[in-house]
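*Asks:* Here's the letter readout for the chains.
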Amino acid sequence: MKSFFFVIFSFLTITLSAQEKYTLSGNIKDAENGEDLIGVNVIITNLSGVGTTSNVYGFYSITLPKGKYTVKYQYIGYDDYTVNVDLSKNTQINVELKPSALQLQAFEVQAEAENENIKSTQMSVEKIDIKEIETIPVLFGEKDVLKTIQLLPGVKSAGEGNSGFSVRGGNIDQNLILIDEAPVYNASHLLGFFSVFNSDALKDVKLYKGGIPAEYGGRLSSVMDIKMKDGNAKKFSATGGVGLIASRLTIEAPIVKDKGSFLLSGRRTYADLFLKFSNDTNQQNSQLYFYDFNAKANYQINDKNRIYLSGYFGRDKLGLANSFGFDWGNTTATLRWNHIFNDKLFSNTSFIYSNYNYSVNITRANFSINSAIEDLNLKQDFNWYANESNTVKFGLNAIYHTFKPGKLDADEDSPIATIEVPKRYSLESALYISNEQKVNGVLSLNYGVRYSNFTQFGPGDIYTYNDLGEVIDTTVYANGEPVVTYHGLAPRLAATYTLSEDASIKASYTRTYQYLHLLSNSATSTPTDVWMPSSNNIKPEIADQFALGYFKNFAKNKFKFSVETYFKPMQNTIDYRTGASITLNPTAEGELLYGKARAYGIEFYLKKNKGNFTGWISYTLARSERKFEQINNNSWFPSRYDRTHDVSVVLMYKLNERIDFSGSWVYYTGNAVTFPSGKYTINNQIVNLYTERNGYRFPDYHRLDVGVNIKNKPYKEIKNPETGETEKVKKRFESAWNISVYNAYGRENAYIIEFRQSDNDPNKTVAVQTALFKFIPSVTYNFKF
Amino acid sequence: MKRPVLFISILSIIFLSACEKEIKVDLKDAEQKFVVEAFITDSLGFNEVKITKSAGFYDDNIFPPVSGASINITDGNSNYSFTEIEPGIYKSNSIIAQQGITYTLNINHTEFQTSATSTVPTKIEIDSLAIEETVGFGGKDYRPRVYFSDPANEQNYYRFILYINNKKQNDIYALSDLYFNGKNTSYPLFGSNVKPLDTIKVELYSIDKANYIYFNTLDEIANSGFSGTIPGNPENNFDNQNILGYFGAYTVSVDSLIFK
Chain F
0 MKSFFFVIFS
10 FLTITLSAQE
20 KYTLSGNIKD
30 AENGEDLIGV
40 NVIITNLSGV
50 GTTSNVYGFY
60 SITLPKGKYT
70 VKYQYIGYDD
80 YTVNVDLSKN
90 TQINVELKPS
100 ALQLQAFEVQ
110 AEAENENIKS
120 TQMSVEKIDI
130 KEIETIPVLF
140 GEKDVLKTIQ
150 LLPGVKSAGE
160 GNSGFSVRGG
170 NIDQNLILID
180 EAPVYNASHL
190 LGFFSVFNSD
200 ALKDVKLYKG
210 GIPAEYGGRL
220 SSVMDIKMKD
230 GNAKKFSATG
240 GVGLIASRLT
250 IEAPIVKDKG
260 SFLLSGRRTY
270 ADLFLKFSND
280 TNQQNSQLYF
290 YDFNAKANYQ
300 INDKNRIYLS
310 GYFGRDKLGL
320 ANSFGFDWGN
330 TTATLRWNHI
340 FNDKLFSNTS
350 FIYSNYNYSV
360 NITRANFSIN
370 SAIEDLNLKQ
380 DFNWYANESN
390 TVKFGLNAIY
400 HTFKPGKLDA
410 DEDSPIATIE
420 VPKRYSLESA
430 LYISNEQKVN
440 GVLSLNYGVR
450 YSNFTQFGPG
460 DIYTYNDLGE
470 VIDTTVYANG
480 EPVVTYHGLA
490 PRLAATYTLS
500 EDASIKASYT
510 RTYQYLHLLS
520 NSATSTPTDV
530 WMPSSNNIKP
540 EIADQFALGY
550 FKNFAKNKFK
560 FSVETYFKPM
570 QNTIDYRTGA
580 SITLNPTAEG
590 ELLYGKARAY
600 GIEFYLKKNK
610 GNFTGWISYT
620 LARSERKFEQ
630 INNNSWFPSR
640 YDRTHDVSVV
650 LMYKLNERID
660 FSGSWVYYTG
670 NAVTFPSGKY
680 TINNQIVNLY
690 TERNGYRFPD
700 YHRLDVGVNI
710 KNKPYKEIKN
720 PETGETEKVK
730 KRFESAWNIS
740 VYNAYGRENA
750 YIIEFRQSDN
760 DPNKTVAVQT
770 ALFKFIPSVT
780 YNFKF
Chain P
0 MKRPVLFISI
10 LSIIFLSACE
20 KEIKVDLKDA
30 EQKFVVEAFI
40 TDSLGFNEVK
50 ITKSAGFYDD
60 NIFPPVSGAS
70 INITDGNSNY
80 SFTEIEPGIY
90 KSNSIIAQQG
100 ITYTLNINHT
110 EFQTSATSTV
120 PTKIEIDSLA
130 IEETVGFGGK
140 DYRPRVYFSD
150 PANEQNYYRF
160 ILYINNKKQN
170 DIYALSDLYF
180 NGKNTSYPLF
190 GSNVKPLDTI
200 KVELYSIDKA
210 NYIYFNTLDE
220 IANSGFSGTI
230 PGNPENNFDN
240 QNILGYFGAY
250 TVSVDSLIFK
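Just so you know, the protein sequences line up as chains F and P, in that order.
Under numbering that gives the first Met the number 0, the residue at position 345 of the first sequence is numbered 344, and the numbers go up by one with no gaps.
Under numbering that gives the first Met the number 0, the residue at position 50 of the second sequence is numbered 49, and the numbers go up by one with no gaps.
Hints in this document: simulated from the structure, not taken from any laboratory.
Bear in mind the structure is a predicted one, so any value in this text is a computation, not a measurement.
Just so you know, not all the hints are guaranteed correct.
[What the hints assert, rightly or not] Below, computed lysine to aspartate or glutamate pairings styled on EDC-like, alpha-carbon distance capped at 20 angstroms:
1. P/Lys208 to F/Asp466
2. P/Lys200 to P/Glu85
3. P/Lys208 to F/Glu753
4. P/Lys20 to F/Glu469
5. P/Lys20 to F/Asp466
[Stated by the list, open to error] Below, a sample of chain P positions facing chain F; criterion: calculated Cβ distance under 8 angstroms:
6. Glu19
7. Ser127
8. Ala173
9. Thr216
All C-beta atoms, glycine included, are put in the ideal place defined by N, C-alpha and C.
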């Protein structure tokens, strides 16, 4: 590793010279609500190709030779701001950008040279515009960031209406989902039909499918980095909506104007309120709902220090009269401290708490089941703006995980005995360093390394299994005694070669380690899925991803096109024995099988982001395969997420200031699935005969969703008494109706196919398909003031 | 845990538009396999070896009996031979399974041969039966509950067979004492719906681990549609991996009542 750091630092010294240099730095905010703006381009217009972008806290820094410069701040949806700087000392310029005058036209992009996608070394990344999330029609009108990303190339839905997703052939537990840096362990509500993210509270969403920066680690396939809004620092504002199944309300206000602000956001579904109208008392007393609560506050102590406190709390509740209760949810809290050491060195320190748990109460039988995973997490990140060609990021991260896979507590007089799946404790730590370097006008590099270490500690009884999954040995470990340690060095490399102002070629290599594994033997996300640490039995999963892409913008960046290809071999992939039982099983590790996996494919993406007509087309051609000694005679077989073709078309059309239409169409090859190839009889009951795992496919899936947004008049017309002219004045209260239809042409897509005895002819067996959603209309009323 | 029941209730409440229809799926025809269902019990004459063949999925539900097999079971000392009393069904009129003894089944047929072993567990008796009212989104239902005592010092596995008005029900109830080791416990026969005046009979089988895994997997797979369990052929105790089915040496306890 020493030689690696040597290489990094030797690169850094190349551009150092005796020339006098000064640093321009500052913070960039939204002029209307004081939100930090992430990823604003800071362009030195009189030096070709020189510039920087603001980080996730709105901070930017660039070091230049002494001189006079014209600096342009440029951001999608905002007016450009240009300033002349005489750089003869270190200078601080804080900027507030005004949303474009045409801001009500959500998709009107003002920036004329928006070619960040061409220039940056980052490939395989998707930035999701919160406004697009609001426009694209979705199931029950519940706008949802996890549904919107499934329309992007290389991202596949886990199933009909499901918020779970697979990235580039990975499993759904291989996505690191972060909200304000806190990992979210179960991102879905109601068995996956809704995500836990209330988009009213979100500011920025990024999905890394490959070329994952060194500051992220811990999952194999992707990182989804979600940032909550900071809250309006200028004035009180509220946004909300009333929908078919849920209502939302968000309030934001300054604590001290321009110094600090807060945000509170809540959402609750009310499907269960209809149960109150039932004649049946059992149904009246039943519960079925979920809620989310987001809160955030920030305060600027002085020029150098700022603190943020944010939290998420969400819960699903399912109850049946007085006999049964089941609830689950995530809790996260993040305390952050931004500190600017000097113009060039930016630091962020975070303390993060994260918890997912579920509990089941059976009152009748006097027992309850509880399960949880809990993290205490310390993160220290530095951004060092070394000079105009090098930006170094380095830091460390330590997470203490407590796993409580499940405990069943029963009363003395309960028919059930108390049982506990042993708790597990582990420490996951990492160090990273990376450098983004502009080598010359055409070549940029980003190279770095992440070293991670994972240790499982006692106390606990640790089991050893034989090939059949039976316990053959038990070792008792004392409190704090290390059980097993794994570590690994994960290089992260990316290069961009600019062909012209509007075209580039990018390549990247990413190695990732995953020490936490979600045990789930079912196809969809369920609340009782359990996270388990790497152990003496479960080895860390490892992936190497190679990606190559060509990026091209057309018509003054009106159209953006990209094609990316990737190859991703994976090791220590987990699968399950036939009929494996995972829930509350102390020896669940014995139900696991270990093998390898590979995924490869090519992704095409064409996006139009200017004009009245906007939208995108994405097409993915891909394979995702697994190989296990105990499955299909050790030959490669398609994984559940192997879908040869995957197409998404999203179109949005703005008719006028008040009305816009949107539609999305998806098509994909059916999942690989295990179907029977015969039948036999056991105890006079018909049993299906299987010959191979995932040897069949579901029918192809396709669906069209359409929607329309109708805004109330955004302007009042006031006659100016002096000039006599009519002026348009923006109304403080804005509102809009959103009407949409999910599955507009009523395609019956197979959710489940069962193979069973025919209802009509007991002498026959038939295949029966269940389709869930056909023409689901929804209406939502949204407001903002 | 019968998770599918929970999932189906949730799904049906939220998604009223769900619709079912028969479809035609192109399926390969697997090579025809032999299916052996063999059990002996501690009760004289209550034993059977049944051999059938598998069929194509879209064929009629006719599973050809396999005649002419030579079958015997041994406990190491004595040999018990089975005679074919009707096509594909073989019985012994002398074997009585003894607790703690391991039995080996040997089958010889012109087209295949196989053997399997099973050990008879401690006999657990049904203490009593009761009928309970169930609460569901659909209204009131009734189901039987079986009371029994699980010994603390060993691992026990159970299987129940329910008869309503002397008609054998197809539901599979296989359980391990993981959740109630050493308890006076009871188990509700989920999914059954009994009505007043029905005659209820329950057989409690004490079974070995291999049989528990077999029946539990069979049950999980039967419900695989909604719970999403990956289906496959359950692992069994035959040495010939081409043979489907099971061999079990059990003790049986029976109880019955009339639901009034």
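*Asks:* Of the numbered hints stated previously, which ones are contradicted by the structure, given in increasing order?
*Replies:* Hint check: 2, 3, 4, 5, 7, 8 fail, others pass.
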